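As given, the protein sequences belong to chains A and B, one line each in that order.
Everything in the first sequence is counted per the working numbering, starting at 1 for the first residue and increasing by one.
Everything in the second sequence is counted per the working numbering, starting at 461 for the first residue and increasing by one.
If you are wondering where the hints come from, they were derived from the structure by calculation, not from laboratory data.
Worth double-checking, as some hints may not be accurate.
To be verified - Covered by chain B, according to a simulated footprint, are these stretches of chain A (three or more residues, beta-carbon under 8 Å):
#1 20 to 34
#2 80 to 90
#3 251 to 258
#4 262 to 274
Said to hold, decoys possible - Computed spacing ranges between beta-carbons, pair by pair:
#5 B:R547 x A:Q380: 16 to 24 Å
#6 A:S246 x B:R547: 40 to 48 Å
#7 A:A392 x B:Q588: 44 to 52 Å
#8 B:Q658 x A:A392: 38 to 46 Å
Keep in mind that this is a model prediction, so the values were computed, not measured.
Every residue gets a Cβ at the ideal spot worked out from N, C-alpha and C, and that includes glycine.
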Amino acid sequence: MLENDLMRYFGFATFRPGQKEVIDSVLHQQNTLAIMPTGNGKSLCYQLPGYLLEGLVVIVSPLVSLMEDQVFGLQKQGEKRGIAFNSQLTGTDRQYVLHHLHAYKFLFLSPEMLLQEAVLNRLSQVPIALFVVDEAHCVSQWGIDFRPEYLDLAYARQQLHHPTTLALTATATKEVEADIRRYLLPGEAAVFRYSMNRSNIGLIVEKTTDKMATLRSYVARLNGAGIIYCATRHQVEEVYQSLKSSYAIGFYHGGLASDQRKMLQQQFSQNQLTLLVATNAFGMGINKSDIRFVIHYDLPDSLENYSQEIGRAGRDGLASQAILLYQTHDEQIHYFFQRETQEQINQLIERSEVDLGAPWTPLQEKWLQKSRKIGADQWQQTVQQNEQNKRAKLREMLRYINLTTCRRTFLLQYFGENSQTIDPCCDNDGLVIDQEKESHVSGQQDAWQTLLLKMFKDVN
Amino acid sequence: MDVFILALFAHTDKLRPSTLYQLLTGKRTSSVLSYGCFYDRLGLFQALPDLTEEAFQQQIDQMLRQGALVSDPTGLIQTVDQGEDTRAGYTDILAAASFYRYGRTWQSVWRLLRLLIQAASYQGVTNQYIPVENTPMYTEPVRQILRQVPNAKDKLFQELWQIFEQMPAEKADFLAGTLTGPHVLGKTFFQLVPEGYQEKPWQHLYTAAAIQHFIALVEAQQESVLYRSIAPFLQQNANQSMLETQRLFQDGLSVKEIMHQRNLKEGTVNDHLIEWALLDQNFPYARFDRQIYRLLPASSWQYRYQDLQQLLGADFLPIRLFQIAQKRGIIC
């Protein structure tokens, strides 16, 4: 009985919807695609089989923050054999890990890292229990966050002697699903698709001319822990500075060292902090089951990313809120990034024609490598198509902002699902926030003598 | 940044902004390093590696226009003599920083110590805790130390107590606040840095100066568990090629012999010896002609090098070395 194993390793009596089927499938060595909403416990779908199968679980993940979150999650469960094998490790550390793979059960790494010859070569010498591709939609140019390196995972899989593969994603249209199957899951693959609807999360869009005032007003009325997402590190720190005298709040972005981020995760987990202000990229690494609200201070670039980000709220199934603040011209930052990318593409096309040895940006370097591999024409077509897709996705995001009808229905239809009736569902259906809460600021910091006595002499 | 620039130039001597910029961003040449030593700014060597020259110069220009700084006809700069009292805390931090000595590893030293202290403090309590670090760079040395040192928990408690007692209470509270153990969850640097130091680059400088001060105190206790734990990290601060030159010089080789044996240029060997002298109070000055030292005019670094050379009739290396000794008050 899988339930017995679930109880033994995780202390849960029952699975969440879909988990058991997916786990059963990989345990039967079936290549599997699981499309499950954020917050549904995707990680358990590889963690439990990991314990039941011999060998190492290799998890490909696109973001450092997600790897750190997964390792931290394992540590919270008492599992110390997880490691994020990424650029934060020194060369010596990486060598150490590669020579002590038997000491690890869960190895998280980016596709770029996996495809390094020394890494792939070493991994090919050890038994792989399961090959997991997290955020598998990155393989598709139709998906948001297309990462061309994901296309090379088929090669990596082959080098690893075709281990059973589990592809996981929260967002996959039919086109993306087809790409995942084509590139990552050759042959017969089991596909499990579950509704991306998170019925316990209320949806609100607030148009404002003064975002900071509106943010303050919401934070003052919302109870429980919350995340505030911003587009840039600078904005994150600005919001933090504005609120820090009134709330137990921290900020969280890629400019902080990993140990600092880990401390913030722990403080947030243990309710020493009630608010975390984070960039969208690094905020994806924040994991806490009872987050009651997610506020977007800046406009997300797509409904795919928005859905993933608001999915951080209400993992415990209790009522939670997703509030998006919008001020006219908020979309400009995305237009700016799009223009910048387009310029880099144009530059690359023009330069590659005359083959000047001028220095490239890191992104151009990556494209160039890909272009050499798959041919310049196909590369151009792929990248241009991806840019077009991004523009289309931003337009859909803006449509969502300007809706006067049910936001959930729109979201579900966007992902190819039927509407579901939930009450209250969104601001357009009458959802309002009218609670009151007391502000809570962190307590006084102890003197060093007190801290040492608490830690070493059990004086509490 | 305004306060930083003011604190940087708050000095009785006039300073050259372009050299200070090279110092802050870590241009490792003997002239930049010596300048840092002579004008008491060596501790800031590579303190702000990401600072752009444009931003630094713009800030200085703006403050010159505002009258907060004054420039002489040769481009040397100093502060207008106001606000000394309000700047005291900031200038103290700049004076306490030891980036030249610990710049490469002070952050990893503190991360290692946080894990060591956490692991030791949980001894006899439980082994079910979330370690603050999980990469081998930290976990393996900590595992080794705890295996080798009996009663590490008590020893570390005593050593920490002793070190924190030697620090200003504010700094000790700050560092202790980042530690994690039974009943205590550490805070991040930005949560603990006092209000007046929240702006860039003070948050970074405040944190660095506190940790570097702690490390310097540990370094003075070479028998301690704390020192044994961090010693391998501290060794990484030194320029490895310089260490090789140092070893050969200690074996009795001359500069020329080292140049020949290592296939290095004279300038490189000179740089190595100057770096060594800047790091080590016990540099063997006696290997050079001490007559040069005796003939050095007071505050010799304020003289033009050509004038000194004419006066002393000596080569660059001994002049520079004895200037360092003179600045440091080392009797040769």
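Hints, verified against the model:
1. Chain B is given as covering the region 20 to 34 of chain A, and this is violated because 0 residues of the stretch bring a CB closer than 8 Å to a CB of that chain, at least three being needed.
2. With 6 residues having a Cβ less than 8 Å from any Cβ of chain B, the region 80 to 90 of chain A passes the three-residue criterion, so the hint holds.
3. Taking a C-beta to C-beta cut-off of 8 Å, the region 251 to 258 of chain A contributes 3 residues in contact with chain B, enough for the three needed, and the coverage statement holds.
4. Note: the region 262 to 274 of chain A has 7 residues with beta-carbon separation from chain B under 8 Å; the three-residue rule is met and the coverage holds.
5. Roughly 57 Å separates the CB atoms of R547 (chain B) and Q380 (chain A), a value that falls outside the hinted 16 to 24 Å.
6. Range check, S246 (chain A) to R547 (chain B): Cβ separation about 30 Å, and the 40 to 48 Å hint is violated.
7. A C-beta distance of roughly 50 Å is found between A392 (chain A) and Q588 (chain B), which places it inside the suggested range of 44 to 52 Å.
8. One distance hint, 38 to 46 Å for the beta-carbon pair Q658 (chain B) and A392 (chain A), holds here, with the actual separation near 42 Å.
When the structure is compared with the earlier hints, violations turn up for hints 1, 5 and 6 and for no others.
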